[in-house]
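Enquirer: Sequence:
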Amino acid sequence: MSCLTRSLQQNLRRYLMSHGDMADAKAPETVREKLVELGVCPSDVTPDQVSIILKSMSLN
Numbered sequence: 001m002s003c004l005t006r007s008l009q010q011n012l013r014r015y016l017m018s019h020g021d022m023a024d025a026k027a028p029e030t031v032r033e034k035l036v037e038l039g040v041c042p043s044d045v046t047p048d049q050v051s052i053i054l055k056s057m058s059l060n
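If you count the sequence shown from 1, position 18 lands on 18 in the numbering used here, and the numbers rise without skipping.
Hint data in this document are derived by calculation from the structure and do not stem from the laboratory.
Certain hints may be false.
Stated by the list, open to error - The following label-pair restraints were derived from C-beta to C-beta distances:
1. Asn11 <-> Asp48: 17 to 23 angstroms
2. Cys3 <-> Asp24: 17 to 23 angstroms
3. His19 <-> Ile52: 15 to 21 angstroms
4. Gly20 <-> Ile52: 16 to 22 angstroms
5. Asp21 <-> Ser51: 16 to 22 angstroms
6. Gly39 <-> Met17: 26 to 32 angstroms
7. Val36 <-> Gln10: 23 to 29 angstroms
8. Ser58 <-> Asn11: 24 to 30 angstroms
9. Gln9 <-> Glu33: 15 to 21 angstroms
10. Ser18 <-> Lys55: 16 to 22 angstroms
11. Ser7 <-> Leu38: 14 to 20 angstroms
12. Glu33 <-> Lys55: 26 to 32 angstroms
13. Lys55 <-> Asp21: 15 to 21 angstroms
Virtual Cβ for every residue (Gly too), placed ideally from N, Cα, C.
All chains, please: the whole structure from these sequences, using the hints.
Expert: Written out as structure tokens, the structure reads:
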């Protein structure tokens, strides 16, 4: 599992909040794939880590 730093997690969360249509996909695999394709997210970030970010967004 890659190291998802607090800074990277915050940046990905901000990006997903500003691009709500991407976060609406709800499937962490789909969101991760789109982020990697756009070059926003390193490819070693796992779907589980993306899931944690998506869950933290729904709590706030």
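Enquirer: Please go over all the hints and tell whether each is borne out by the structure.
Expert: Hint by hint, here is what the structure shows:
{"no.": "1", "hint": "Asn11 <-> Asp48: 17 to 23 angstroms", "verdict": "holds (18 angstroms)"}
{"no.": "2", "hint": "Cys3 <-> Asp24: 17 to 23 angstroms", "verdict": "violated (27 angstroms)"}
{"no.": "3", "hint": "His19 <-> Ile52: 15 to 21 angstroms", "verdict": "holds (18 angstroms)"}
{"no.": "4", "hint": "Gly20 <-> Ile52: 16 to 22 angstroms", "verdict": "holds (18 angstroms)"}
{"no.": "5", "hint": "Asp21 <-> Ser51: 16 to 22 angstroms", "verdict": "holds (18 angstroms)"}
{"no.": "6", "hint": "Gly39 <-> Met17: 26 to 32 angstroms", "verdict": "violated (18 angstroms)"}
{"no.": "7", "hint": "Val36 <-> Gln10: 23 to 29 angstroms", "verdict": "violated (18 angstroms)"}
{"no.": "8", "hint": "Ser58 <-> Asn11: 24 to 30 angstroms", "verdict": "violated (18 angstroms)"}
{"no.": "9", "hint": "Gln9 <-> Glu33: 15 to 21 angstroms", "verdict": "holds (18 angstroms)"}
{"no.": "10", "hint": "Ser18 <-> Lys55: 16 to 22 angstroms", "verdict": "holds (18 angstroms)"}
{"no.": "11", "hint": "Ser7 <-> Leu38: 14 to 20 angstroms", "verdict": "holds (18 angstroms)"}
{"no.": "12", "hint": "Glu33 <-> Lys55: 26 to 32 angstroms", "verdict": "violated (18 angstroms)"}
{"no.": "13", "hint": "Lys55 <-> Asp21: 15 to 21 angstroms", "verdict": "holds (18 angstroms)"}
Checked against the numbered hints above, the structure breaks hints 2, 6, 7, 8, 12 and satisfies the rest.
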